[in-house]
Amino acid sequence: MKAASPIIKPYYFLIALAWVVFALVLICPLLVVVIEAFSQGIKVFWQACIEPEALSAIKLTLLATIIALIMNVIFGVMAAWCVSKYEFIGKTLLVTLIDLPFSISPIVVGLIYTLLYGSQSIFYNFLIEHHLQVIYAIPGILLVTIFVTLPFVARSLIALMQEQGTQEEEAARLLGANGWQIFWHVTLPNIKWALLHGSVMSTARAMGEFGAVSVVSGHIQGLTNTLPLHIEMLYNEYNMVAAFSISVLLLLMAMLVLVLRKWCEKHLERHPQQKESA
Amino acid sequence: MSFVKQSVIPGFWFGLGYSLIWLTLIVLMPLIALVLYACHIHYDELWRILTNRELFCALKLSLYTAFIAAFSVSILGSLLAWVLVRYRFPGSKLMDVMIDLPFALPTAVAGIALTSLYDQNGFLGSLLPFKVAYTPLGIMIALIFVTLPFVVRTLQPIIKGIPKSIEEAAFSLGANSFQLFLYVLFPALFPAWLTGFSLSMARSLGEYGSIVFISANIPYKTEILPLLIVSKLDQFDYVGATVVSILILLVSFAFLLLINLIQNYVKPNRILWILNRFHPMALFTKDPL
Amino acid sequence: MHKHKLRLKKTITIFSISIGIFAWPFQGFSKDISILNASYDPTRELFRSYNHLFAEYWKAKTGDNLTVYESHGGSGKQARAVIDGMPADVVTLALAGDIDALNRYKPLIDKNWQNRLPAHSTPYTSTIVFLVRKGNPKHIHDWDDLIKSDIQVVTPNPKTSGGARWNFLAAWAYAQNKYGSEDKAYQFVKALYARVPIMDTSARGSTLSFVQRGLGDVLISWENEAYMAKKEEKSNSFEIITPSISILTEPSVAVVDSIVDHRGSREVATAYLQYLYSDPAQRLIAQNYYRPCNPAIVMEFRDKFPSLTLMTIDKTFGGWKRVKDKFFSDNGIFDKIIREIRY
Numbered sequence: 001m002k003a004a005s006p007i008i009k010p011y012y013f014l015i016a017l018a019w020v021v022f023a024l025v026l027i028c029p030l031l032v033v034v035i036e037a038f039s040q041g042i043k044v045f046w047q048a049c050i051e052p053e054a055l056s057a058i059k060l061t062l063l064a065t066i067i068a069l070i071m072n073v074i075f076g077v078m079a080a081w082c083v084s085k086y087e088f089i090g091k092t093l094l095v096t097l098i099d100l101p102f103s104i105s106p107i108v109v110g111l112i113y114t115l116l117y118g119s120q121s122i123f124y125n126f127l128i129e130h131h132l133q134v135i136y137a138i139p140g141i142l143l144v145t146i147f148v149t150l151p152f153v154a155r156s157l158i159a160l161m162q163e164q165g166t167q168e169e170e171a172a173r174l175l176g177a178n179g180w181q182i183f184w185h186v187t188l189p190n191i192k193w194a195l196l197h198g199s200v201m202s203t204a205r206a207m208g209e210f211g212a213v214s215v216v217s218g219h220i221q222g223l224t225n226t227l228p229l230h231i232e233m234l235y236n237e238y239n240m241v242a243a244f245s246i247s248v249l250l251l252l253m254a255m256l257v258l259v260l261r262k263w264c265e266k267h268l269e270r271h272p273q274q275k276e277s278a
Numbered sequence: 001m002s003f004v005k006q007s008v009i010p011g012f013w014f015g016l017g018y019s020l021i022w023l024t025l026i027v028l029m030p031l032i033a034l035v036l037y038a039c040h041i042h043y044d045e046l047w048r049i050l051t052n053r054e055l056f057c058a059l060k061l062s063l064y065t066a067f068i069a070a071f072s073v074s075i076l077g078s079l080l081a082w083v084l085v086r087y088r089f090p091g092s093k094l095m096d097v098m099i100d101l102p103f104a105l106p107t108a109v110a111g112i113a114l115t116s117l118y119d120q121n122g123f124l125g126s127l128l129p130f131k132v133a134y135t136p137l138g139i140m141i142a143l144i145f146v147t148l149p150f151v152v153r154t155l156q157p158i159i160k161g162i163p164k165s166i167e168e169a170a171f172s173l174g175a176n177s178f179q180l181f182l183y184v185l186f187p188a189l190f191p192a193w194l195t196g197f198s199l200s201m202a203r204s205l206g207e208y209g210s211i212v213f214i215s216a217n218i219p220y221k222t223e224i225l226p227l228l229i230v231s232k233l234d235q236f237d238y239v240g241a242t243v244v245s246i247l248i249l250l251v252s253f254a255f256l257l258l259i260n261l262i263q264n265y266v267k268p269n270r271i272l273w274i275l276n277r278f279h280p281m282a283l284f285t286k287d288p289l
Numbered sequence: 001m002h003k004h005k006l007r008l009k010k011t012i013t014i015f016s017i018s019i020g021i022f023a024w025p026f027q028g029f030s031k032d033i034s035i036l037n038a039s040y041d042p043t044r045e046l047f048r049s050y051n052h053l054f055a056e057y058w059k060a061k062t063g064d065n066l067t068v069y070e071s072h073g074g075s076g077k078q079a080r081a082v083i084d085g086m087p088a089d090v091v092t093l094a095l096a097g098d099i100d101a102l103n104r105y106k107p108l109i110d111k112n113w114q115n116r117l118p119a120h121s122t123p124y125t126s127t128i129v130f131l132v133r134k135g136n137p138k139h140i141h142d143w144d145d146l147i148k149s150d151i152q153v154v155t156p157n158p159k160t161s162g163g164a165r166w167n168f169l170a171a172w173a174y175a176q177n178k179y180g181s182e183d184k185a186y187q188f189v190k191a192l193y194a195r196v197p198i199m200d201t202s203a204r205g206s207t208l209s210f211v212q213r214g215l216g217d218v219l220i221s222w223e224n225e226a227y228m229a230k231k232e233e234k235s236n237s238f239e240i241i242t243p244s245i246s247i248l249t250e251p252s253v254a255v256v257d258s259i260v261d262h263r264g265s266r267e268v269a270t271a272y273l274q275y276l277y278s279d280p281a282q283r284l285i286a287q288n289y290y291r292p293c294n295p296a297i298v299m300e301f302r303d304k305f306p307s308l309t310l311m312t313i314d315k316t317f318g319g320w321k322r323v324k325d326k327f328f329s330d331n332g333i334f335d336k337i338i339r340e341i342r343y
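Protein chains in written order, with this note's numbering: chain G, 1 to 278; chain Y, 1 to 289; chain A, 1 to 343.
In short, the hints are calculated from the structure, not lab data.
Hints should not be assumed to be uniformly reliable.
If you want the footprint, here are the derived chain Y segments under chain A, 3+ residues with CB under 8 Å [said to hold, decoys possible]: (1) 93-106; (2) 119-129; (3) 209-218.
Values in this document were obtained by computation on a predicted structure and should not be read as measured data.
In this text, a Cβ means the ideal position worked out from N, Cα and C, and glycines have one as well.
With these hints in hand, go ahead and build the complete structure from the sequences.
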């Protein structure tokens, strides 16, 4: 028996198998979406994308994604800062809390926000008196989007910053830097790629969230319809082509974001001390 | 002992304060609202809801589809992660980028696409000799689609961390591929594999958007737990919906906890110890690694 | 000291910026002249054209630019959304029972809402018919044909869909009428639901399953929904079968008092519903395959709407409250039927 053969043999077999799995599980469904979208030509596809209701859905989705991103970045940095730079009681609890949204069903997320801000809530009268519309309006959509994307930035930062330790910050402090200076000049340059990576994941997730948003949105066309909800609406109006066209649009946005992510990862790998172990 | 260990780095209270306020506003308050709401429920009513046959059937279906899906996705995901990390081949970059697409695709779109693919007139559905769409099998396929990225992304960094020299060493010592897998890779990958498994299980239990399209949604038969919540809500039954939600939460937390316990106990060297003790390879080889 | 102050200032700035970013979208929503109509699924096409018609009428009458926002979903779900605070000025739901529910937790609407508009607040009615595949290959002509052994019936889940409740009640009314007893009706409906391979969550979902996925041999559906499906599917591959007996479906409309008073939109909201009874609107309704309540307009379109014996919910079942308790509550008749089929 040749020494090299055990390595060579599974090589081709495994790759072929991986391609089969990949094609069956991932490519086929995506292909269905793309083929349906262009089944009546590119013009119909384009029209579906520039229709006013689609545009308002795109705007709302971008708004929700961006606001969720900003809030997640601020929160992620703060949380990662305390978790990675200090030892304190209840740290595990904090990390568990941050991870919690990962394991909660989107429908349950919608339900808990409905219970908190809906007619069952103790705040309900207060909200009504002050003309504050939370669920079935944009704030509700923002809140659930933030909820489902909350862990992403924090997790990718915590993983990296814990590995980096506290020496550089301590040195900077001893040299007389204040908190902001330490953050801007020492910490941020070290974590920027992980920050970008977490942001990308949060963006991807925020764009496609369906279940939770669907519970709190109310599906008001032109006001509270996000892209995923708009797709569902088009599908319900017998407009398969338009529904899949918008899906392709969403896929293209996702692809863009994911390529960006790949690019971040490359940068991460270039700096071996910033290796990620999420 | 003080609450926080002394450190020269400033900003602890500010960071902690912000994090806690934000977590309270976004995560804790709604969850507390749920629990408070559940506290109003009378014991008899709780008993009536929990002993409902429909709930039992939905729970059973959700659990077993999620379990089988999570199990298969761990295997498929390990394969993809391994190939992506270890080999460069035509399309590997594309594959690596596209693995995450289910993550960004609205689950409803995934559901519609999978249904048109696997129903009796669909491209794959018409080729297969058995029914996929509108059966529990269809539910599992949808779950595999949406949870695949979780497993692949959990395993990739771990596989990257296994040096190639270990494999080469094993081969040069005369191990075959199966032994390599059993004694070297399996123990090293097992903890991450469990994490991926539990993540996808937790996600699967709550998945709604893709399932409503591919499942037949018949009560007692193909109705999953999240659909039961929606159906109860649509009948103004907040109490029932709350109870089922808490049930889902408890089941997925119990699961995560269990996995955590297993992970703390089952370390790679322990697995090796078990393997050595029981000699599964003793039939084939004299000296296991 | 100075440093502390500076830090405090920065802290406050960051906090207020983040709160500001977050609170910014809270405003708005009620500044324009707009009303929101919360409706159920199959009325999408009807209200899309009616909103244009009414906006023009309103512009001519008052000079205001009116935007009518629409929200569509399952009837029960929409009612719950309004209960939970969706600011819908008017509700146009699939059944009166769902509008009654608006008084369940908080009095959102006057108890006598049904008497405030003509014809019991029902500007259009419809009925339940069958949609079958081209040429009617399974020879389905009436309800009895649905329980033949080789038939698959598509109907949504009555727990989540208003239309499905009408379907269920139509079958029940037929069997009770024909076989004379509740027991027989029970057996008939049970035999019917044993032939259901998939229960979507909404009437529109079932139509899509039947039309686009090719599931089942017959779809039990609203008359308007069946015509719409036939029209949308240009290939002309479906036929509508009108059974001998069916139920008079009465989708109801109402102004939500608490919301219009809160927003000051009572005038336009009431006009929006009243205009549904005008001749042009009634014609539009008929063109969208609903049966108008104005007999004169029905005569104009009489070739469109075949006549059949229509049972009413009030006379046959004694109103929605009783129907809900008897048939669709937890462990009600529907639950019992499904359980018996399964086990």
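Cross-check of the supplied hints:
Given as covered by chain A, the region 93-106 of chain Y fails the check, having 0 residues with a CB less than 8 Å from a CB of that chain where 3 are the minimum. Only residues whose beta carbon comes within less than 8 Å of a beta carbon in chain A count, and the region 119-129 of chain Y has 3; three or more means the coverage holds. Proximity of the region 209-218 of chain Y to chain A, defined as three or more residues with a beta carbon under 8 Å from a beta carbon of that chain, is established by the 4 residues found.
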